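J.: Residue numbers (the working numbering), protein chains in the order written: chain A, 10 to 733; chain B, 10 to 733.
Calculated from the structure, these hints are not laboratory results.
Any given hint could turn out to be false.
Same chains, same names: a pair is fine if it fits in one copy or spans any two.
Stated by the list, open to error - Taking lysine to aspartate or glutamate pairs in the DMTMM-like style, the calculated list, with each CA pair at most 25 Å apart, reads: (1) Lys396 to Glu575; (2) Lys568 to Glu670; (3) Lys568 to Glu388; (4) Lys572 to Glu670; (5) Lys357 to Glu541; (6) Lys568 to Glu667; (7) Lys568 to Asp682; (8) Lys676 to Glu220; (9) Lys357 to Glu277; (10) Lys591 to Glu358; (11) Lys572 to Asp682.
Keep in mind the model is a prediction, meaning the values are calculated, not measured.
Number of protein chains: 2
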Amino acid sequence: MIYLVFIAAVLALGFAAFNFVTVKRMPEGTKQMQEISGAIRVGANAFIHYEYRILYTVVAAVAVLMAVVTTWHAAVALLVGSIMSGCAGFVGMKIATYANVRVANRARETENVGETVKVAFRGGSVMGLCVGGFALLGIFLVYMVFGVGMGQARITSASYTNLLGLSFCPFTMTLSGYALGCSMVAMFNRVGGGIYTKAADMGADLVGKTEAHIPEDDPRNPATIADNVGDNVGDVAGLGSDLLESYVGAISSGIILAYHLFSKSLAEGTGMDGELLQTLVLFPLVFVSIGLIASCLGIASLLFKKNMSDDPHRDLNACTYFASGATILLGLISSCLMFGGFESASLKEILGFQCGQFSPWVAATVGVAAGVVIGMLAEYYTSAGFKPTRNLARTSLEGAALTITQGLALGMKSCMAPCLILGAGIIASYQAAGMYGVAMSAMGMLSFVTATVSVDTYGPISDNAGGIAEMAGLDAKVRKITDTLDSVGNTTAAIGKGFAIGSGALAALALMISYLYSYNDFDTELILNLIEPMTLAGAIIGGALPFLFSGMLIEAVAKAARKMVEEVRRQFREIPGILEGKRKPDYKTCIEISSKGAIGEMKIPSMLAIVVPVVCGFILGPEFVGGILIGSTICSIMIAIFTGNAGGAWDNGKKYIESGEIAGSGKGSPAHDAAVVGDTVGDPLKDTVGPCLDIFIKIMSTVSLVAVAVFAEHNLAAWIMGLF
Amino acid sequence: MIYLVFIAAVLALGFAAFNFVTVKRMPEGTKQMQEISGAIRVGANAFIHYEYRILYTVVAAVAVLMAVVTTWHAAVALLVGSIMSGCAGFVGMKIATYANVRVANRARETENVGETVKVAFRGGSVMGLCVGGFALLGIFLVYMVFGVGMGQARITSASYTNLLGLSFCPFTMTLSGYALGCSMVAMFNRVGGGIYTKAADMGADLVGKTEAHIPEDDPRNPATIADNVGDNVGDVAGLGSDLLESYVGAISSGIILAYHLFSKSLAEGTGMDGELLQTLVLFPLVFVSIGLIASCLGIASLLFKKNMSDDPHRDLNACTYFASGATILLGLISSCLMFGGFESASLKEILGFQCGQFSPWVAATVGVAAGVVIGMLAEYYTSAGFKPTRNLARTSLEGAALTITQGLALGMKSCMAPCLILGAGIIASYQAAGMYGVAMSAMGMLSFVTATVSVDTYGPISDNAGGIAEMAGLDAKVRKITDTLDSVGNTTAAIGKGFAIGSGALAALALMISYLYSYNDFDTELILNLIEPMTLAGAIIGGALPFLFSGMLIEAVAKAARKMVEEVRRQFREIPGILEGKRKPDYKTCIEISSKGAIGEMKIPSMLAIVVPVVCGFILGPEFVGGILIGSTICSIMIAIFTGNAGGAWDNGKKYIESGEIAGSGKGSPAHDAAVVGDTVGDPLKDTVGPCLDIFIKIMSTVSLVAVAVFAEHNLAAWIMGLF
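Just chain A, same shape as in the assembly:
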């Protein structure tokens, strides 16, 4: 059955390669279009090369440290993970920089929405398929080499005493290393890309829209190419490696938990056998393989569709619904087949499976349902079709201060509903299949990630296509088509963000439980006791961590954006004729400012998640780190929802104002100026802070999980206590 993983991975990567080549063969359009897209491509390549150089230096350092402190297997797995995630991000970004101009050209040639959507989606599907393909390929390699080949995964009742003598299971450590490798790439891509894209975006808007009153993507704006580069490095590569990391995190937390449950069962004598362990380990792998194949089918159904509807949103939704529906259906069959051989009563007793052989499937389905509802809630709060964003847009008539105030209120109020769903999801999936169920619900949310990433990546590609159309001065009809695509992209992005934080939260919780298993004795009950002063202090300090992290990120964006503002102002001042369109601005300097700003500012926040749990662990011990994990997970969920919805609502509120549907609004009105302030404030919140937070909590959990094997025994606090 493990070969299903390999088949799915190869199928996905093959499909990705086919789509890559197909897109690249399409015509690029006019010479001017080629020039512009060339400039964007060069900028994106330069940034990602430079970023990867720093990233892989840090990865190498962490791998060496890991080999010394834990095992060399984990270090190698870390490298494998970082390569898989790095490849996915790189390939996805590469195709996005080819696809953007081809989308614009297809719109120019056919003037047909459906045909244009297909090109953008084909480009986006490469990113999606790479996420699923590379992630599973890596897991397959790690499982076959270390798990099967070196026997790490072969733990039976015979190795019982041996196992409990160690404070960790060897394969869970290796798998954690793999997950950590993926997470590190995601962190750097998200933070670096996030700072890059928003510094460019804010810089371009602050001078272009607010001071010079020229439209978005106007070629007279020196920061406009940097802004488009940012879409590719931030919203494509960043998003891809982010979801790859969530995907791997969810899968590995399920597998790691299976091993811990096995150890615990052995210690308690409730008698889980090797066969059940094997099934528990294989189920997540089989389930995500099914999800990947279903996603491939869903993508194909859209790409080979003859009659596209006029509404791209409906076609894209059909793809996602097909993938998720097929996953759930096939998942039901596999759950029955795999767990059907075990007795319901014993499953219930050993693992808390309340629904017998259906239990893991029920938990996964709960996850899928929760993900869909959370996504819908994100749409409700951020779409101009609903009350909250319309109210927000209306406050813009009263000026910038009330726009900000109302947006903050909207974001804060929007936290409750998704948290109710998350809470209900946790209780339901736990009732269905115990702790393992919580991990399965995270995995359920992410099982058809290839479809969702494909849809998500379609957004920035369309955005870029619109930018190229504008800069190349294409016909208004073309721009209208790309605008249609772009506005659909905004909605899918909001839904995607809800999905990312929901699944991230569940995966982080599953990892946290694995963490607790790693240092607690298996024969005591598992507790994270917030009445312990160490844990409580950890929870309070942990709660402050995501705020510190978010504040640092916002400040980093603001700093780089300010430099960009100065440069754009300088160019307008010193190079005469730019605003009249007589001379070309100096795009390159702006690209350099964004690159340098991002590279310079990303280091400290990225390292925070890796360094804090390790340092705290060695000084204050595992209870304190446990507190840190729960505190930062809870606060990260809140900030991610708050920033995502507030930012999304400001963005769409501004668009609603631009549509002029409210009396006294429209482009150029004072209400529009106020709405632009809201949008600008929301930019770093929704596109830098929010998306980085789910990586932040997972990387902290994974690092703690890896390091706890060491600091559980050796820490300063325990040593001091030992002195008395």
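Here the structure of chain A is known, so what remains is to put chain B in place on it, guided by the hints.
T.: Same frame as chain A, now just chain B:
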């Protein structure tokens, strides 16, 4: 020793009465000044009467419910608490509306800063002394009538079995009722007053400063009287009952914990005797009585000082330092005397007292130190004398969007340092004196609350005096003196906010521990296990609660402010001659808008803290409510620090811009406009949301503590589980 409480309370109330009469006898100044202050007084009285009518209706309903569900003793104590807190707020507000005009007049007559400070401080001291005096008077009454008179406090080893048969100790329930009464008044005063004051302030600023470009407190602004009324109902009455509630919460959590520790010790057979229980119960009462007497002396030392320095900040600090120093010194003596009779070894074994007889004192001193450091950190982040606020002011040169972005970053980053102090404080006080130590450190922070409230109330009185001076067209010299007083008031307010949230957090944690004791068996170890899915789900939903609450409050302020904006615009438009100063605006309508807005909007958020834990408890049981408490406590701490510091920094950043010290800034510059946007956004954050959150968490904890006796046994989840 219990009579010390009575003596201290009577001393404080006598001193308050003396200061009240002294202030009221001072001359009021010109006829115009009398008119203006009369209008403010009438507005404030009208609002507080209307607010109290609603408040006491709700209190009465809760009391009846409580008498039915728990005990009638608790219901009566609730009424006593609400009357004490209501009186303190009422008297403090009353004197503030007398003192404001007299401060302005003293400045006019003497043109001396020191003399003027004395009047403002004498007015403020009435509020401070009422907080300490009424709080202790109420506790004394409750203790003597129910504890001693009806024997509820007399629990010895003889009543052992009897005690464990009940799921709560009768006196702890009565005391919780008293604390809840105080909390309910605080909630309504803070929320109602907070909405009132910020709606008026924002409304006045949005049209006055931003559109009409007239200065603050200009009599041509129709909302200016409402703004000054707001200072009295929000910043005086609200602040007073807020700190009274924290004070009572900290004292009662110590006493309640003492009873729980006694019960636990009996159940475990570690042998705490009645004498030690008595001492543990009396110690907090003695300590705060000492603190109250020391505060009286500190206040007197300032009021009867002959040679005031030129720097009011130094004189005010001297008062606080004297009070806190004397409290610590006398507290050391009382700790030694009271606990000296017990053996160190047995104290250590039974209660975890690591420092023998000094233990409770050490914990209290840790609290005082933590409070002072947290206050200093708040000053660092919000004062224009330090880097963060100066940097923020500098970003105003780049426009409103970056001012907001940078301010959000500053607020978020500022969460970490105070949380580190809180975490360290928890660990240190726990090490010194166990769980009891955590409660003692909260009590330590608040023991000299009379001095800090006196200093805090001095601020809004000075603010009002400045407003009256401006409106009455007094000499520029007078306005300069009141401005000096006002700027000192801003700093003391920032420090006071740090203090409030720090002590609120510790008191809430102590109450939470009491809550856990209330439903767990005494012979099992006390745990709040976040791995339990019910608790975990509760923590996530609990984390979203303060965000919901904050969002509702911000929206309430924005809604009322928008109405105010419309009214002010209407008056400027429809009543010709206002802006030329030829005709008086219609102040009364603006006062009515603020009143109606506050009264209408305060109900739902105020009830949230009372209703949520009860409803959740009856549906999902005590574990879920435990999770709610920890989740909302952690997130409330973060939001309170974040909003307080961001708002304070925007406020002082604007003042720094106005000072013109940065090139290109100064009043009327574009940078100033941007800074005003920041200040306006910050207003509801720092003065409505932040201060309400510490009440929010304590009221939730107290309500849970009261209701758990019922819902621990009777809840829907347990009933459903029982069906299977």
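J.: Among all the numbered hints in the text so far, which are the ones the structure does not match?
T.: As far as the earlier hints go, only 10 is violated by this structure.
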